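Student: Take a look at the letters that make up each chain.
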Amino acid sequence: MEKIIVDCSTGESTIVALTPEEIAQLEADAKAAADLKAAEEAEAEAKAQAKADLLAKLGITEDEAKLLLG
Amino acid sequence: MPSTYTLISSNVLTGSAASVTFSAIPSTYTDLVLRISARTARAAVVDRIQVNVNSLTTAIYSMRGLLGDGSTASSNSDSAQTFANFVYTNGNTTTSNTFSTTELYLPNYAGSTNKVMSVVGATEDNATANYEYAGAHLIGTTSAISSITLTGLVSSFVSGSSFYLYGIKNS
Chain U
0 MEKIIVDCST GESTIVALTP EEIAQLEADA KAAADLKAAE EAEAEAKAQA KADLLAKLGI
60 TEDEAKLLLG
Chain H
0 MPSTYTLISS NVLTGSAASV TFSAIPSTYT DLVLRISART ARAAVVDRIQ VNVNSLTTAI
60 YSMRGLLGDG STASSNSDSA QTFANFVYTN GNTTTSNTFS TTELYLPNYA GSTNKVMSVV
120 GATEDNATAN YEYAGAHLIG TTSAISSITL TGLVSSFVSG SSFYLYGIKN S
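As you go down the protein sequences, you meet chains U and H in turn.
First residue of the first sequence? That's 0 in numbering that gives the first Met the number 0, and the numbers climb one at a time after it.
First residue of the second sequence? That's 0 in numbering that gives the first Met the number 0, and the numbers climb one at a time after it.
For the record, the hints were derived by calculation from the structure and aren't laboratory data.
Fair warning: there could be bad hints in the mix.
[As the list claims (entries may be wrong)] Just a few of them, taken from the derived set where beta-carbon distance is under 8 Å, the chain U residues facing chain H: (1) M0; (2) C7; (3) L66; (4) L67; (5) L68.
[Claimed, not checked] Using 20 Å as the maximum straight-line C-alpha spacing, the simulated EDC-like pairs for lysine to aspartate or glutamate come out as follows: (6) U:K36 with H:E102; (7) U:K30 with U:E42; (8) U:K46 with H:D30; (9) U:K36 with H:E131; (10) U:K50 with U:D34; (11) U:K46 with U:D62; (12) H:K168 with H:E102; (13) U:K46 with U:D34; (14) U:K56 with U:E39; (15) U:K30 with H:D77; (16) H:K168 with H:D68; (17) U:K36 with U:E20; (18) U:K46 with U:D28; (19) U:K50 with U:E63; (20) U:K36 with H:D30.
Model, not experiment: these values are computed from the prediction.
Even glycine gets a Cβ: it sits at the ideal position worked out from N, Cα and C.
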């Protein structure tokens, strides 16, 4: 894997190979982002299911709920 | 309109790159504008760009933002993070050869107070779901910004991604 460094004082761009430590950090960051995304999706799904369950319990549709709360 | 709007440096990738860093940024401007058109190799419709200034990776980055995905609007926030988050970009399952459009604006980047950054942009895709976002960021450093590093959060930037850094002067 490589990174690009653009020196603004000269306008020159340099391609530099990532160190093993940098690669490890990138992989850790990517995993953390994926884990966070999965947690966010799970939470959104749980909220949607809870909402659907409540509407079913009340015996009303979502539009009817909006009408009541409006 | 500002008095001057000058291209400082640019880079258009001819291959993949994990990150792009603008270093030795001159302190002679008033504000900085970074225009990005990017896509990463992540096998998804969206990825994020991790933004760091002055190679700082301590927990000094916070933000509040708005996000729309084509059907739902939401807000997001982050605090005490090690990079500026929620800067979205195209992933590799979007329509071929399409790239996100993003602008980062850093006013008073060379001043001696904490830094702020506004972000606005959109991913591009020939699909009903797309991401439009706006964010207000706070970066807890009082040093002048002399470098900005952009890193694909999950995957590397692909060839064709472009990065243009402009300096704005108010006189």
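Student: Now tell me if each hint is right for this structure.
Tutor: So, going through the hints one by one against the coordinates:
With 8 Å as the threshold, the beta carbon of M0 of chain U comes within range of chain H, its nearest partner Cβ sitting at about 5 Å, so the hint holds. Using the Cβ-Cβ criterion of 8 Å, the hint placing C7 of chain U at the interface with chain H is satisfied: the shortest such distance is roughly 5 Å. Among the interface hints, the one on L66 of chain U is violated; its C-beta lies about 21 Å from the nearest C-beta in chain H, farther than the 8 Å criterion. Interface hint status for L67 of chain U: violated, as the beta-carbon distance to the closest one in chain H is roughly 22 Å, over 8 Å.
Annotation: interface hint on L68 of chain U violated; nearest CB of chain H at approximately 18 Å, more than 8 Å. In summary, the hint linking K36 of chain U to E102 of chain H is not supported, as the alpha carbons are separated by about 24 Å, beyond the 20 Å threshold. Proximity of K30 of chain U to E42 of chain U is assessed by CA-CA distance (about 18 Å); at most 20 Å being required, the pair is judged to hold. The hinted pair formed by K46 of chain U and D30 of chain H fails the criterion: a straight-line CA distance of about 42 Å is larger than 20 Å.
With a C-alpha separation of about 18 Å, the suggested pair K36 of chain U and E131 of chain H falls inside the 20 Å cut-off, and the hint holds. Annotation: proposed proximity of K50 of chain U to D34 of chain U is violated, straight-line Cα distance about 24 Å (limit 20 Å). The hinted pair formed by K46 of chain U and D62 of chain U meets the criterion: a straight-line CA distance of about 17 Å does not exceed 20 Å. Proximity of K168 of chain H to E102 of chain H is assessed by CA-CA distance (about 17 Å); at most 20 Å being required, the pair is judged to hold.
A distance of roughly 18 Å separates the Cα atoms of K46 of chain U and D34 of chain U; the hinted pair therefore holds under the 20 Å criterion. Distance check on the hinted pair: K56 of chain U and E39 of chain U sit about 26 Å apart at the alpha-carbon level, beyond 20 Å; violated. Between K30 of chain U and D77 of chain H, the direct Cα distance comes to roughly 18 Å. Compliance with the 20 Å bound is thereby established for this hinted pair. With a CA separation close to 35 Å, the supplied pair K168 of chain H and D68 of chain H exceeds the 20 Å bound.
Taking the CA atoms of K36 of chain U and E20 of chain U, the gap is about 24 Å. The hint is violated against a cut of 20 Å. Restraint check for K46 of chain U and D28 of chain U: not satisfied, since their Cα atoms lie roughly 27 Å apart, outside the 20 Å limit. For a cut-off of 20 Å, the pair hint linking K50 of chain U to E63 of chain U stands: about 13 Å separates their Cα positions. Taking the CA atoms of K36 of chain U and D30 of chain H, the gap is about 33 Å. The hint is violated against a cut of 20 Å.
Violated hints, in rising order: 3, 4, 5, 6, 8, 10, 14, 16, 17, 18 and 20; the structure is consistent with all others.
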